[in-house]
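Position chain S against the provided structure of chain Y, taking the given hints into account.
Protein chains: 2
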Amino acid sequence: MFESDTPQNQSDALGWHWLVDFSQCTKIPSNPLVLEAIMVTAAEMAGATVVQSCFHQFSPFGLSGVVVIAESHLAAHTWPEHNAMCLDLFSCSDKIKAQVAIEFIASEIQAGKVSQRNVTRGELLK
Amino acid sequence: MFESDTPQNQSDALGWHWLVDFSQCTKIPSNPLVLEAIMVTAAEMAGATVVQSCFHQFSPFGLSGVVVIAESHLAAHTWPEHNAMCLDLFSCSDKIKAQVAIEFIASEIQAGKVSQRNVTRGELLK
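Here the protein sequences line up with chains Y and S, keeping their order.
For the first sequence, counting from 1, position 71 maps to 453 in the working numbering; every step adds exactly one.
For the second sequence, counting from 1, position 123 maps to 505 in the working numbering; every step adds exactly one.
It is worth saying that the hints were derived from the structure and are not from the lab.
Bear in mind that the values here come from a model prediction, so they are computed numbers and not experimental data.
None of the hints are false.
No distinction is drawn between identical chains; accordingly, a pair holds when it is met within one copy or between any pair of copies.
For lysine to any residue, the following SDA-like pairs were computed, each having C-alpha atoms within a straight-line distance of at most 25 Å:
#	residue 1	residue 2
1	Lys-477	His-438
2	Lys-479	Val-501
3	Lys-479	Cys-436
4	Lys-477	Gly-429
5	Lys-477	Ser-441
6	Lys-479	Gly-444
7	Lys-409	Ile-420
Same shape as in the complex, but just chain Y:
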């Protein structure tokens, strides 16, 4: 179910960015507070330090939200009409256990399918 890439050595990059597409989800939150709780919990389980968050409920449906962490951010957008959610987790620290966060979120929203890509960021410094 989960595909992941191992982050490169930190000295080669400023950070790593996981792009995760969840589909066939049977428990997409409709309440922004619920999604926020899931995302903040996921960030903390991954070892991140939560700084701020902002979540928004669109009309007639759909949520967007971001959790700023000391190590960068998590962002999520839901498409309840498609039983889908897109998540991205950007971390500048190789201590962050991104897979823990991703698997927790997948479990909370009961995602039937998960597709993820890991992109190295800020490689220009090499």
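For chain S alone, coordinates are given in the frame of chain Y:
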């Protein structure tokens, strides 16, 4: 200086995600309000509808910030010690002029080099 991919047909995806790494920057903001103004202006120039934003200043330096837009989000993280900034812009609408936003931000922070990738999101619905 700018590399970009043309977004695929919207019916194939939930959205498009631009990952942009700016380096050799000579005007990285140190004030979160300045970065927020740049990001909100960039979003509006791209035709996005700004919903909320949250920006944070780290100690001793570095900023993180996110602008939630009706069409998803923009997020930026700065590394002043490396003259670098990483930006991501996720849009669920093919009306958003992402390149306009990216080029405006590059100009504001006086980026000497820009590397970008465009990732299609939510292709699982095909």
